Each structure stands twice: as structure tokens, then as C-alpha cells.
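Engineer: Knowing the structure of chain A, use the given hints to seat chain B on it.
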Amino acid sequence: DGGITQSPKYLFRKEGQNVTLSCEQNLNHDAMYWYRQDPGQGLRLIYYSQIVNDFQKGDIAEGYSVSREKKESFPLTVTSAQKNPTAFYLCASSIADFTNEQFFGPGTRLTVL
Amino acid sequence: QKEVEQDPGPLSVPEGAIVSLNCTYSNSAFQYFMWYRQYSRKGPELLMYTYSSGNKEDGRFTAQVDKSSKYISLFIRDSQPSDSATYLCAMIFMGGKLIFGQGTTLQVKP
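Residue numbers (the numbering used here), protein chains in the order written: chain A, 1 to 113; chain B, 1001 to 1110.
One or more hints might be untrue.
As the list claims (entries may be wrong) - Pairwise CB distance ranges (calculated):
#1 A:81 x B:1027: 29 to 35 Å
#2 A:40 x B:1059: 26 to 32 Å
#3 B:1056 x A:27: 22 to 28 Å
In case anyone wonders, no lab produced these hints; they're calculated from the structure.
The structure displayed is predicted, hence computed values, not measured ones.
For every residue, glycine included, the Cβ atom is placed at its ideal position computed from N, Cα and C.
Only chain A is shown next, with the shape it has when bound in the complex:
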């Protein structure tokens, strides 16, 4: 089955730790995205990548980092510099740019203890 997988589903982090969220897609999509969702705020773009080995900051990139070494994979690292990391993180992909339909993964809920 084609789709997007995210792991883990739930993640707990102690303050001061870096954590990496996994995102994999087998849709052969060029573009991949990371969003953060907080209650009452919709989805906010963290990073996006439209081609392998290239990525761009979104609206709230501070405290996050990404890599795009393979077309299928776009991991997100939440660093200790992110002051309020507790949120629901969603990965998405699309054929090309933002005007194309984005397909979302099931999300990872990160909680800082």
C-alpha cells in the first residue's frame, strides 16, 4: 500500500534532549513537509523540501532541523533549543509544489516531561 508513515506515534522527551521524528513515504513524491499542530492554531509549517538534498525553512523553523538524503525520507529533529516542543507533528508529501494535494501521515505526538 502506498502512503506515509510516521514513527513513533507517541514520544516523550526530557528537557534538554534532542529527539528525531521519522517520516517515510513510498508515493514517489518529490516534495515533503513538516507541520506542527497546536490546539486552536491549525497547522504551521516548520520545514519543507522539494527535492533531495535541499530544504527550506517554513514559518516556525527555530529549534528544529531536517535532512533529505533520500527521496523517501524526511526526518525532523526537535532540538533542545525549541522552547515549547510539546505538540502534534505531521509530515506530508506531494507530487511537486504546494499547489498539489498534500498527503499526510498519521502524526507523532511529542510531550516534554
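Structural biologist: Coordinates of chain B only, in the frame set by chain A:
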């Protein structure tokens, strides 16, 4: 002022009701308009995608765009309990990024 405004609700209706979900926006450059449905603790899924002003129908769902008023709507006819979810509007202009509304939580009671 946010670029896209959406009433967060929650909105509670009886089964069979007609539901109207709305978004307003401030940037007249937006060209493409989408509605996503998100069930609890799941990723959003695309429901409707429209380009121009006017109506687009798909089964029980109708998306309406009024560019002159900077207003979009999603109508759900004969609402079902399975329609209970959060509905997100989203929009984009060519070369831009997708901008989401805050989402409206809908509950359809049997």
C-alpha cells in the same frame, strides 16, 4: 490579523442537519482553496480542492468560493455521525506556501 480566519467551534448538530463551515481570508492573491478533514489523533485528508469562484459539489459536500468577499465555505448535507471531525480550510497562491485556518471541530449527534 491572521491571513486565514476560521471559527474554531465546536459546532454540534443533529444527524441529518445541513452544516456550514466558513473561512475568511485577507490576501487577495490566494488562488487555490482546499478543505481537509481530520479525525481525532489522525492526519488530515483532502476533501475538496477548488480553483475559481463558484461552487464545486462532491456527493454530500459542496465547496463554495467567493473571491470578491474573500470568503469560502464548505456545506455538508444530510450530516452523519461519521462526519464528526475537525475541518481545516487551506489556501495558496502560485509560488506561495499552503496557509491553514485554525480548524472547526464538528460533532454530529445521532
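Engineer: Now, for every hint given, state plainly whether the structure supports it.
Structural biologist: Verification of the hints:
Hint check: residue 81 of chain A to residue 1027 of chain B, Cβ distance near 31 Å, so the stated range 29 to 35 Å holds. Checked against the hint of 26 to 32 Å, the C-beta distance between residue 40 of chain A and residue 1059 of chain B comes to roughly 29 Å, which is consistent with it. The given range of 22 to 28 Å is respected by residue 1056 of chain B and residue 27 of chain A, whose C-beta atoms sit roughly 24 Å from each other.
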